[in-house]
Amino acid sequence: GDSVTQMEGPVTLSEEAFLTINCTYTATGYPSLFWYVQYPGEGLQLLLKATKADDKGSNKGFEATYRKETTSFHLEKGSVQVSDSAVYFCALSDNDYKLSFGAGTTVTVRA
Amino acid sequence: EAGVAQSPRYKIIEKRQSVAFWCNPISGHATLYWYQQILGQGPKLLIQFQNNGVVDDSQLPKDRFSAERLKGVDSTLKIQPAKLEDSAVYLCASSLDWQATYEQYFGPGTRLTVT
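In the order they appear, the protein sequences are chains E and V.
Note that the first sequence ends on residue 111 in the numbering used here; no numbers are left out.
Note that the second sequence ends on residue 115 in the numbering used here; no numbers are left out.
There's no promise every hint is true.
[To be verified] Residues from chain V that keep clear of chain E, each with C-beta distances beyond 12 Å, as calculated:
#1 Gln6
#2 Lys15
#3 Asn51
#4 Lys62
#5 Phe65
#6 Val73
#7 Lys83
#8 Thr115
[What the hints assert, rightly or not] The calculated lysine-lysine pairs, modelled on DSS-like cross-linking and capped at a C-alpha distance of 27 Å, are:
#9 Lys83/V to Lys15/V
#10 Lys44/V to Lys52/E
#11 Lys60/E to Lys98/E
#12 Lys44/V to Lys98/E
#13 Lys44/V to Lys68/E
#14 Lys78/V to Lys44/V
#15 Lys98/E to Lys78/V
#16 Lys52/E to Lys68/E
#17 Lys56/E to Lys44/V
#18 Lys98/E to Lys62/V
#19 Lys71/V to Lys98/E
Keep in mind the hints are simulated off the structure, nothing from the lab.
Yeah, the Cβ is synthetic: ideal placement off N, Cα and C, and Gly gets one too.
Looking at chain V on its own, in the form it has when it is part of the complex (with noise of 0.2 Å):
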């Protein structure tokens, strides 16, 4: 079974600039997650999908943060403009379902830089 897949790997850009990532989930998991880690702590939830729908996005910050997942398959996360403090590692997660029970697989991450 493929795992979760993420691109790009690495992402190095200046402030005030845009930039994309891409998740592809497991085959069949209705659940996705988008998590920001910061060096030196654990990830934190930025926004949860329910098929093509939202369940959570109340720590995504909204003013420069986006998301959608269309068809409830993809998903992508952007951000405009970048800031200094948006270095971090962007982590992708899917599941069967949104229950505790059921397991998060996650990706490799995309680690972002930002100058």
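Just chain E, same shape as in the assembly (with noise of 0.2 Å):
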């Protein structure tokens, strides 16, 4: 079945410093690719989206492209802030649309 394989947190960085989160899949057809952010004390958010091969989805600084030829799609912010420190989750959703997540990957960013 489709799934969603991420970095495994925490991890700790301090502000400026450019943050990889990793995130590879496995899904039967072509599906596009999300990074939803949790900050704390609240609800999940959509960060960004990749609906096809070669897009790349940014927003708030962080950029991820959509790599079919590795099944991939790496979250990365070149200058992190205190203010990103949050949960970040990469999901699919395939051919019936539903959502499959990552673990999650904890980031703490130290001023």
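The two chains are supplied separately, each in an independent frame; assemble them into the complex guided by the hints.
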């Protein structure tokens, strides 16, 4: 079945450091790929998405490129801030349109 | 625009007791989802409604879990009787429609502890 594997955390960084969270997927069709973020005390919210191969999703300085050849959708940000501390979830939606989530990666950014 | 509302935010019950969670989706959203998020895992879809009809309940433990969406708006999720392994955060989400192109908006969740 469809599944998502993402980098285990927790990840701790200093402000202005470069962040990468790896995500790879397994799917039978041509899925859409998503990154969701959960800030402390808040609900999950969509961070960015890509619906086809080579698409790049971007938002709030975060980027991720849909790589069909490596079945990956890694999340990157060039310079993190304390406010980026959150749990990040990679997810996919295949032909049945259901979201399948990874286990989540906790990111803590220190001032 | 008001977001997805859920109540209660926290609930502690003993095993074999029953519990109910309530969700009010964003106005006009046809599709409503209930997810279970166990600590350290990603959310897992339990049931999906399109208006007041069930689209997918393949991962709902129907011997103890039930859900309804009356009049295609609010929804309740019930567990009866609860087991220790039901301890989790229960998330409600809604979207304009069911296709993946429509963003799902999540509520804050209800944290259930079964002792």
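Verification of the supplied hints:
1. In this structure Gln6/V is not separated from chain E by more than 12 Å, as the shortest Cβ-Cβ distance comes to only about 8 Å.
2. For Lys15/V, the non-interface assignment is confirmed: its Cβ lies about 26 Å from the closest Cβ of chain E, beyond the 12 Å cut-off.
3. At the 12 Å boundary, the C-beta of Asn51/V stays outside the reach of chain E, the nearest C-beta of that chain being 16 Å off.
4. With a closest Cβ-Cβ approach of about 18 Å to chain E, Lys62/V is found to remain outside the 12 Å limit, as its non-interface label requires.
5. Non-interface status of Phe65/V relative to chain E is upheld: no Cβ of that chain comes within 12 Å, the nearest being about 17 Å off.
6. Chain E leaves Val73/V outside its interface by the beta-carbon criterion, the shortest separation being 19 Å against a cut-off of 12 Å.
7. With 12 Å as the threshold on Cβ separation, the claim that Lys83/V sits away from chain E holds: the shortest Cβ distance comes to roughly 22 Å.
8. Non-interface status of Thr115/V relative to chain E is upheld: no Cβ of that chain comes within 12 Å, the nearest being about 24 Å off.
9. In summary, the hint linking Lys83/V to Lys15/V is supported, as the alpha carbons are separated by about 5 Å, within the 27 Å threshold.
10. Of the supplied pair hints, the one linking Lys44/V and Lys52/E holds, its CA atoms being roughly 24 Å apart against a limit of 27 Å.
11. Restraint check for Lys60/E and Lys98/E: the C-alpha separation of about 25 Å stays at or below 27 Å, so the hint holds.
12. The hinted pair formed by Lys44/V and Lys98/E meets the criterion: a straight-line CA distance of about 10 Å does not exceed 27 Å.
13. A threshold of 27 Å between alpha carbons decides the hint, and for Lys44/V with Lys68/E the separation of about 24 Å falls inside it, so the pair holds.
14. Taking the CA atoms of Lys78/V and Lys44/V, the gap is about 16 Å. The hint holds against a cut of 27 Å.
15. For a cut-off of 27 Å, the pair hint linking Lys98/E to Lys78/V stands: about 22 Å separates their Cα positions.
16. Among the hinted pairs, Lys52/E with Lys68/E is consistent with the structure: their alpha-carbon atoms are about 9 Å apart, no more than 27 Å.
17. Pair hint Lys56/E plus Lys44/V holds up; C-alpha atoms about 26 Å apart against a cutoff of 27 Å.
18. For the hint pairing Lys98/E with Lys62/V, the CA-to-CA distance comes to about 19 Å; that is within 27 Å, so the pair holds.
19. Annotation: proposed proximity of Lys71/V to Lys98/E holds, straight-line Cα distance about 23 Å (limit 27 Å).
Of the numbered hints listed earlier, the single one contradicted by the structure is hint 1.
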